[in-house]
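Chain residues, written in single-letter form:
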Amino acid sequence: MNSASCAAKISTQPFSLNPSSPTSHDNPLVSPKPTSLFLGSTRKLRLSSSSKLNLRRRSGTVFAVSDVVKQKKSKSTPSLLITKEEGLELYEDMILGRAFEDMCAQMYYRGKMFGFVHLYNGQEAVSTGFIKLLKQQDSVVSTYRDHVHALSKGVPARAVMSELFGKTTGCCRGQGGSMHMFSREHNLLGGFAFIGEGIPVATGAAFTSKYKREALKEADCDHVTLAFFGDGTCNNGQFFECLNMAALWKLPIVFVVENNLWAIGMSHLRATSDPQIYKKGPAFGMPGIHVDGMDVLKVREVAKEAIGRARRGEGPTLVECETYRFRGHSLADPDELRDPAEKAHYAARDPITALKKYLIENSLASEADLKAIDKKIDEVVEDAVEFADESPIPSRSQLLENVFADPKGFGIGPDGRYRCEDPKFTEGTAHV
Amino acid sequence: MAATFHGVGATVAALSSSSSPSNSFGSKKLLSSPSRSFSVRKRASFTVVRSDGSVNFDLNSKGRRAQQLIANAVATKADSSPVSSSSKPGHELLLFEALREGLEEEMERDPRVCVMGEDVGHYGGSYKVTKGLATKFGDLRVLDTPIAENSFTGMGIGAAMTGLRPVVEGMNMGFLLLAFNQISNNCGMLHYTSGGQFTIPIVIRGPGGVGRQLGAEHSQRLESYFQSIPGIQMVACSTPYNAKGLMKAAIRSENPVILFEHVLLYNLKERIPDEDYICNLEEAEMVRPGEHVTILTYSRMRYHVMQAAKTLVNKGYDPEVIDIRSLKPFDLYTIGNSVKKTHRVLIVEECMRTGGIGASLTAAITENFNDYLDAPITCLSSQDVPTPYAGTLEEWTVVQPAQIVTAVEQLCQ
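Top line first, the protein sequences correspond to chains A and B. No gaps in the numbering here: position 137 of the first sequence is 738 in this note's numbering, and each next residue is one more. No gaps in the numbering here: position 196 of the second sequence is 214 in this note's numbering, and each next residue is one more.
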């Protein structure tokens, strides 16, 4: 079986590009010609509707974002990809994600949270790169590895930490837990424990956006939905079914694959007949892009295009982000299967380090600025833990409260009254 | 055939030729308002009038009560012909048309109501429940989906979370087995796991039950599989009146509701009111008040029960028939009152014996009303058999009126 050797090949494959230098010859958004099966980022992203290539169901050719950037760059003096404010925002978001997840690990081992906790260390570039481009009304759907998606979307760290501790002040009142982060205010539609389960929900949110625009005549409704999921999910039926429906109805959705090469202990190459996931987009009539998911700037550029496409009503995009999780699948995973060389390879490409380097080398920020942010985030995370610690645990009365939106759904009891009117019901001791 | 009706507000429903001609039925108008109307329940008067116009009185001791009841009855004539005179209030239609009417009215009333399913749009629905709606409301509001139940049900759930009120049609209830993931994990759970932040006002509906030699896979009764899922409600319609009422109530409900229709009942005809009405989702329907035994049933078995009731009445029994309608949660008030009156319970259902609605109902009644029972609860269910294709075998898998009669006789010994 050559898959193991393939994996080894990938891990030893050095990336020659320097993501932090836009003035280098290597355009930061184009990877070199792949020498292994897995990488292949020379696809092109379709730019705009005025392109000769019409987006009919059958065509799915995709153009390089590099072309976009080249055009942009040639118009003005060699400019940077981001401004200082944007750079600091991205840095802060990634540091928040990292610090929060590290704190989660600490708290888990101290017995403050239980169950399955899946940490996002190493993948921050994807979350930050995409979600920081969204408006509040745009929706995000995630998987069980959702803490950082929640934070990027704007859910306060306090609410997420409390939720992990199972307290009433959590974003889901302690009823969801690590794998079910929801926020109506920030349009975070979950948090799903089974893989693939959230993709139809995301498709539904995108459908609502289209419905509002076309059936309810809210002409300015251009809300976009992002669906995040992993490489393992890309072999699941729901993924393919939703690619079909999204492309069929041109739903404003972006399917973001966080390909970290491993589904617990199952290597992507051992599970997938054609491991190049981005190729599956054109099969359904949408562009498929592969991007280096350890580089937040590259991700951001691709995300801009994909989200822009969706907002303009041109339909969905499949974006495959090649990324890596530094920790095990969950805090219960001993992580023995992965090759240390592979881990080292990706650790050297830590997205936070890369962005930091970029900011400093391009004089967008000083060390002091970044240290200040580090400190600020430390305080935010400490405060979140304190808040969560001090928050009350749910009382019994909460047990039956949110089962039904309309609690009449518990029915009529033998005495003729609705069960929800029974005082025991609000105490949580009623037998339903 | 004999028409059975109640003293107040009688309606006559006729079975079309596509249903078994030997089935009889009764339909009761329960003009329930959204608030509880338990006081409206009492129906003391009852008359059996044969199609030839003769009135049947019970002649044994139990019959004296019947005679008493007749005196209280509002004098209404039997109407043996299916087509009623135009001077009667309301309008006549078939059950699938009633469903469509309910759906259409709700879609007009609230632009967020939309339909999704296979062949619901241009084809008009495989049982014509959505016929004409796509022309009227457009292809987006009546969405023809690809054959991907799990995903389009999930899509409906996502749409419901973000503000729409979808009605998802399973072309056959059995197909919703493919959507079980979404129904169990998302539909039932998301309101809870999100701490109440997202509501899922979705209606999942479709025809199920044993039809005419449709084969095992198309003859499944999914109510038994879904009943354990916390966070959903299940209702089963059985007459045009309650079909329309339940459809409307389900759409208006903030909870996810699964509406079970039956393949063989779509062509039932009944006269229903012109005015807007809904049927309470959590209430059971009193079909025929009685004194001797409580027969609990739902969906198609209601008609087998009513046919058996005819025979039973001739034999001198006075069964009380309740269509439980709400499969989850059970209306234990109506059921309890009946048990307290008759002290004998027979459950007749089309679900399989193991783990069916009848099994749960038996447990619920035993738990709550054990002291009132004079005999153990008898539950007649379908055989634990994949429904065979052969007509005779299929007939033997479901409960037939003769078995119901025998069971009542045994129960009342």
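In case anyone wonders, no lab produced these hints; they're calculated from the structure. Model, not experiment: these values are computed from the prediction. Positions of the beta carbon are idealized from the N, C-alpha and C atoms, including for glycine. It is possible that some hints are incorrect.
Listed below are several chain A residues computed to face chain B (Cβ distance under 8 Å; list not exhaustive) [claimed, not checked]:
1. Leu734
2. Arg774
3. Gly791
4. Ala806
5. Ala949
Chain B is faced by these chain A residues, among others (derived, beta-carbon under 7 Å) [said to hold, decoys possible]:
6. Arg785
7. Thr804
8. Phe808
9. Ala820
10. Ser964
11. Ser967
12. Leu971
Status of the hints after comparison with the structure:
no. : hint   : result
1   : Leu734 : 20 Å, violated
2   : Arg774 : 3 Å, holds
3   : Gly791 : 7 Å, holds
4   : Ala806 : 5 Å, holds
5   : Ala949 : 38 Å, violated
6   : Arg785 : 4 Å, holds
7   : Thr804 : 5 Å, holds
8   : Phe808 : 5 Å, holds
9   : Ala820 : 15 Å, violated
10  : Ser964 : 43 Å, violated
11  : Ser967 : 41 Å, violated
12  : Leu971 : 35 Å, violated
Hint violations for this structure: numbers 1, 5, 9, 10, 11 and 12, all remaining hints satisfied.
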